[in-house]
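Asker: Dock the two chains into a complex; use the hints.
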Amino acid sequence: MRLHYQKRKLANYVALTVSVGSAAFGIIFLFWILKDVFTFGFAALNVDFFTQVSAPPGESGGGMAHAILGTLTITVLATAFGVPAGILAGTYLSEYGRKSKTASVVRFVSDILVSAPSIVIGVFVYAILVKPFGGFSAIAGAVALAIIMLPVVVRTAEEMLKLVPDATREAALALGAPHWKVTVSVVYRGALRGIVTGIMLAVARVSGETAPLLFTSFNNSFWNFNLTEPTATLTVTIFNYAMGPYEDWHQMAWGAALLITATVLLVTIISRIIVRGRAG
Amino acid sequence: MSDNLKENSGGLEVSTSGADGYVSLSARRQSSGKLADAVFKGVSYAFALSVILLMALVFIVLVKESWLSIKAFGFSFVYTSVWDPVAQEFGALPSIYGTIVSSIIAIVIAVPISLGIAIFLTEMAPKRLKGPIGTAIELLASIPSIIYGMWGLFVFAPFLSEYVEPFLIDYFGFLPLFTGAPLGIGMLPAGFILAIMIIPFISSVSRDIFQMVPSILKESGYGVGATKWEVIWKIVLPYTRSGVIGAVILGLGRALGETMAVTFLIGNAQEIKLSLLDPATSISATLANEFTEAVEDLYLSSLVELGLILFVITFVVLALAKLLIARFSYKGGNL
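Heads up: the protein sequence lines correspond to chains B and Y, in order.
Take this note's numbering: the last position of the first sequence gets the number 453, and nothing is skipped along the way.
Take this note's numbering: the last position of the second sequence gets the number 494, and nothing is skipped along the way.
FYI, nobody ran anything at the bench for these hints, they're computed from the structure.
A portion of the hints provided could be inaccurate.
Within a straight-line C-alpha distance of at most 35 Å, the following computed DSBU-like cross-link-like pairs (lysine-lysine) qualify [what the hints assert, rightly or not]:
id, chain 1, residue 1, chain 2, residue 2
1, Y, Lys193, B, Lys272
2, Y, Lys223, B, Lys304
3, B, Lys304, Y, Lys230
4, Y, Lys481, B, Lys274
5, Y, Lys193, B, Lys354
6, B, Lys272, Y, Lys432
7, B, Lys335, B, Lys272
8, B, Lys335, Y, Lys432
9, Y, Lys481, Y, Lys387
10, B, Lys274, Y, Lys223
11, Y, Lys481, B, Lys180
12, Y, Lys223, Y, Lys377
13, B, Lys335, B, Lys274
14, Y, Lys200, Y, Lys289
15, B, Lys182, Y, Lys387
16, B, Lys354, Y, Lys377
17, Y, Lys432, Y, Lys289
18, Y, Lys393, B, Lys180
19, Y, Lys286, B, Lys208
20, Y, Lys286, Y, Lys387
21, Y, Lys193, B, Lys274
22, Y, Lys481, Y, Lys289
23, Y, Lys230, Y, Lys432
24, Y, Lys481, Y, Lys223
25, Y, Lys481, B, Lys335
26, Y, Lys393, Y, Lys286
27, B, Lys180, Y, Lys387
28, Y, Lys481, Y, Lys286
29, Y, Lys481, Y, Lys377
30, Y, Lys481, B, Lys272
31, Y, Lys200, B, Lys272
32, Y, Lys387, Y, Lys432
33, B, Lys354, B, Lys274
34, Y, Lys223, Y, Lys200
35, Y, Lys289, Y, Lys193
36, Y, Lys387, B, Lys274
Isolated chain Y (complex conformation) (with noise of 0.2 Å):
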């Protein structure tokens, strides 16, 4: 830093052969850098300020562009589970279904998983292996979401279909969850991929709220004879608990949105079936899979209406979880 400085201070040197040169000199400098730090503040404001105009734009244009399909479906858009381009009848409620359902079956595998991640992380893993580990799950975040969908389709759908589904079907095939054939696709595969997907960011971000637990709470709790199981549960996890509910929510609102993993291994199928073995649709699976085979402007209108509704309950959702996480004064964008 001192060499920054050093160097900088280089070029602000100013002549001093006269004082009336020094001044004129610096009476110039200084107006011409007040004019300079004008412009610089301005356009980095207008910058920041384009961040909430972009914001303000994509809902305006997503509403104008599906205004056609609000006027024409109304409310019952919602509600209706007809999607039919052919007879020009369409109904979101099986998108909007599968977008809930597989986000709420990734949330029910990722946050037992994620917890114990961010656990052994941050009170068992020895100081060695803290780092290697922490970071081979964080690049589970990295690998882009077309490589999960891929690899989804071609190695882990023949293996859920040839041991996972037939042993969920043979034994729990008495719930209605688990009843039809074992095809490898449909709402569980993608919402177990989207488990995967969401388990580095809750585990990071849980790990981080772990760490600010005041280390004398937890002497306290082992000075008193607990065990360590004692401590994190009755200690840690009560002390961080809107922290690790907003970094359960920001989970869900990464589930919500992501699209290829889940076009790959849903199935794409417009239906509402209570089998989570059988082919379903979410938003995004039906907007990458329909979008561009859309001629029609109604068609193409309620496609985009899809989208906003997307866009709003991400929006409620991820808004939701940064409140909560902001209680812990939690600094964004380690991932």
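So here's chain B without its partners, still in its complex pose (with noise of 0.2 Å):
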């Protein structure tokens, strides 16, 4: 009885030090990888980093502000595709469709979407907007990304708006507003919080999207501030330099890794600290 009383309390005991050390060993790594960015992407900081295009093969020297104006760019060319599409098809979910076929449908194939292989969609855009019009461009990269970018913000959209309450949407048509203005100007503004804050999210996860951009926006190493020509991008740059044979290369590529984390990791806390404001 006595020995069945221990061997209980050991296997609890194993069974929560387990559990521990999981999440002791996500944290371990999460800590790792920040602090291998930070301080290889620090020595690779300097202003040549911020203010020079890239310098020819084998030589030193040289920065990443091309790549820098790519990214931003083509990450604001998604946003504006990509946005006001999830925001519209969104409102449809929450304000129309709610417990329709069409609204049920839509949500399944946007959870899909989500999760789909973004390289995949890197072929669809290569397909659709790069051979037919004949070369890389950062238009055809903006595309892509808005692609992406699209389920995430119809979900979010729909989330933030469903948190309005209803009573709210029926007091201001008591009032005799019209659907669309009730939309509008009050479900919006009571949601604004949240898809600020979503749209955030959904811009940073696709400004360090990599695999959609090596067929659409394609690479360059000069300064181009033509949409219909192939863009550096940071993340393409990362790529390529840390592929590349040369240090001083792969010491640019971190000076990248670390403009691009500490962008997108920001952002992220942000965009928390807001939605635990709201929820406080």
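Answerer: In structure tokens, the structure reads:
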């Protein structure tokens, strides 16, 4: 009897230790990765990094300014394509479709697209925008990112709009406001903070994407201000530099990695604080 | 909220100077409101439909672009293992094999750890630690996959080849799975990095599902003298089984399609080797490495067909996950 009791206690102890250990495992990797990105990355950052374009292969120096601009351009364009479309589709789900058949199919498809392999989206955009129009372009990259963003925005917008109580909608309708006006000036306003947070997260996520850009915006070693030309991005440049043979390139890649990681983490943490402030 | 309403009703006030004026104004307002309503509803409906259309379009375009390869190789594309761009002969088996095996490795490593984390967060952690630790784990999910890949190549691969793989070869080398040279890149390192990447997904979905176990069930377990572990093993896990399986399959779906981290670490060799330490390839790695180099139509078409296969596999896997999790009315979109 005593032995049985001790065995149960032991099993309990072992299992609980294992689960504390797994939490520690996850956190160790987070800090390990961050530590390396920050230490190697800081070593690579200097004024040239933010002001120069890349140096020819094998030569030292140069910077990532063109890639920073490229990432900004493509991300802003993707946001401009993806966010309005996503919010409107989310509006349909929360304000009109609700429990209809169409709405549930849209939800199902969005949830699958959220996790769909991003490289396949790259192949898709290559087939519709790069091959027929004869070349890689910033626009193609932006479209690929917008497609990746769309389902995330749809689902977040819907979730956030649903948090606005129906009584509020009914109150506005009872005052004689048309449905669209209720949606735009009551529901949107009530859900604004949540929607903005969701958009921030979606933008952060796509700004770190690489795979869909490989065959759409491709790469470029120089400044490019033409949206129909191949455009460098931080992520694709990291890929090329890290795979390359030169120590200098690896340095630059770490610098770019730091820039991307710090931005994405910062945005993620800020939006979490905003959401928490709302809940509390 | 009440502020919004007040401001809003301000815009809706109508002139009440004369009864006739009121009626005509409100009638005009009503008809223009109706039109605007119809337009707004129509536009939002169109964008909602565009999501479905997009999914269909991706599928159609991929089939159309890979038609050349489908015609040339037929079903043998899936089960032959020669990938020779020079001879224009393409078989997808090494890529498919690599995708599946690296994802299985990831799942085998990630599932126990993720469940451990979810149990820790729901049943054990003091309230003060729950938030920060949960957030830290979820931050792992927000790190871009290229960072995982680069860190894996420069930091983790040397670590593996120095400390972990020699150990595996020495002590488990009698198994065909752990033979060969300790390169630090190959199937096992790729699977391991994938595991770290999917742990946040599986653990946060399982945590949400664990939280849905009614506390009366757990309390009745504790009431008859069960230990914490017994409550978890005999009450929480059976109650949440289908949701947890859904969470695991969701993680699998992520792992199957992951590209950059795998491309850095898998070694990019179009071969099927039993040893997990040898370089291999996956569908996504093949695409990332070869797509921009493919100039011949058949080569390009074969690569697109690889993409199509990946799309179909992940679609099936994710749909399955969604159906299983839906039974727990999990509200998606937390990550």
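Asker: Can you list which hints this structure breaks, lowest number first?
Answerer: Of the numbered hints, 6, 8, 11, 12, 14, 16, 17, 32, 35 and 36 do not hold.
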